[in-house]
Amino acid sequence: MIDPSVFQLICFYAFAAVTVAAALGVITLRNSVHAVLSLVLTFFSTACIWLLAEAEFLAIALIVVYVGAVMVLFLFVVMMLDIKQEHLREGFIRYLPVGIVVAVVMLVEMLALIGVRSMHEAVMGANPATAAGLSNTQWLGQALYTQFLLPFEIAALILTVGVVAAVALTLRHRGGTRHQTAAQQVAVKATDRVRIVKMAAERPAPEAPATNPETKP
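Going by the numbering used here, the first residue of the sequence shown is number 632, and it counts up by one from there.
Between beta-carbon pairs, the in silico distance windows are:
| hint | residue 1 | residue 2 | range |
| --- | --- | --- | --- |
| 1 | VAL817 | LEU655 | 45 to 55 Å |
| 2 | ALA743 | LEU790 | 24 to 34 Å |
| 3 | LEU765 | VAL794 | 25 to 35 Å |
| 4 | THR812 | TYR644 | 50 to 60 Å |
| 5 | ILE745 | LEU660 | 24 to 34 Å |
Calculated from the structure, these hints are not laboratory results. Just so we're clear, the structure is a prediction, and the values are computed from it rather than from any experiment. Where a beta carbon is used, it is the ideal one built from N, C-alpha and C, also for glycine.
Work the whole structure out from these sequences, hints included.
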């Protein structure tokens with residue numbers, strides 16, 4: 632039998648390898664549809680890693696919100712628009728050194744954060760969800776709707792105002808741009824758009840036989 636901790640470590644490395652490979656595919660693939668599919672695989676593999684870290688709520692939110700809604704919408708938009716963006720990726724090699732430097736800096740920062748957390752693990756304490764004997768999702772729900780209810784409601788109000796503002800900005804009438812009027816679209820009738828015309832069937836007249844011109848001696 633395999634030790635559960637060893638099996639969990641093997642799964643972590645496998646999911647991490649798939650995540651890194653899919654993330655590289657997002658920026659290296661020339662086809663936009665393939666890049667979006669690689670991003671979906673990246674999110675799914677990241678959700679598996681969060682499940683291993685006992686962050687069930689983040690994993691479920693990533694699958695439901697991003698993979699199930701946002702990325703599917705992106706995929707349909709890319710497929711319907713059929714924008715040829717392959718020429719935009721031709722200069723990728725020129726920016727590769729800068730990208731490598733940024734990636735190395737981000738890796739060092741993440742390793743530093745992991746080291747700081749391991750050093751202060753005794754001060755920070757254990758996982759509160761594990762200490763309470765609850766799952767991550769259940770503990771987070773109880774904390775949001777009891778101890779942090781007011782900040783949660785304020786954040787919800789800010790997001791609602793942002794949605795209303797986005798809708799209001801899209802309904803502005805500007806000259807030289809196309810816009811839709813929802814009231815006119817709802818009030819449209821089939822008789823206003825389609826007209827059926829009844830015509831009698833006619834048979835084309837037969838063509839006259841071609842006559843050979845008279846030849847002179």
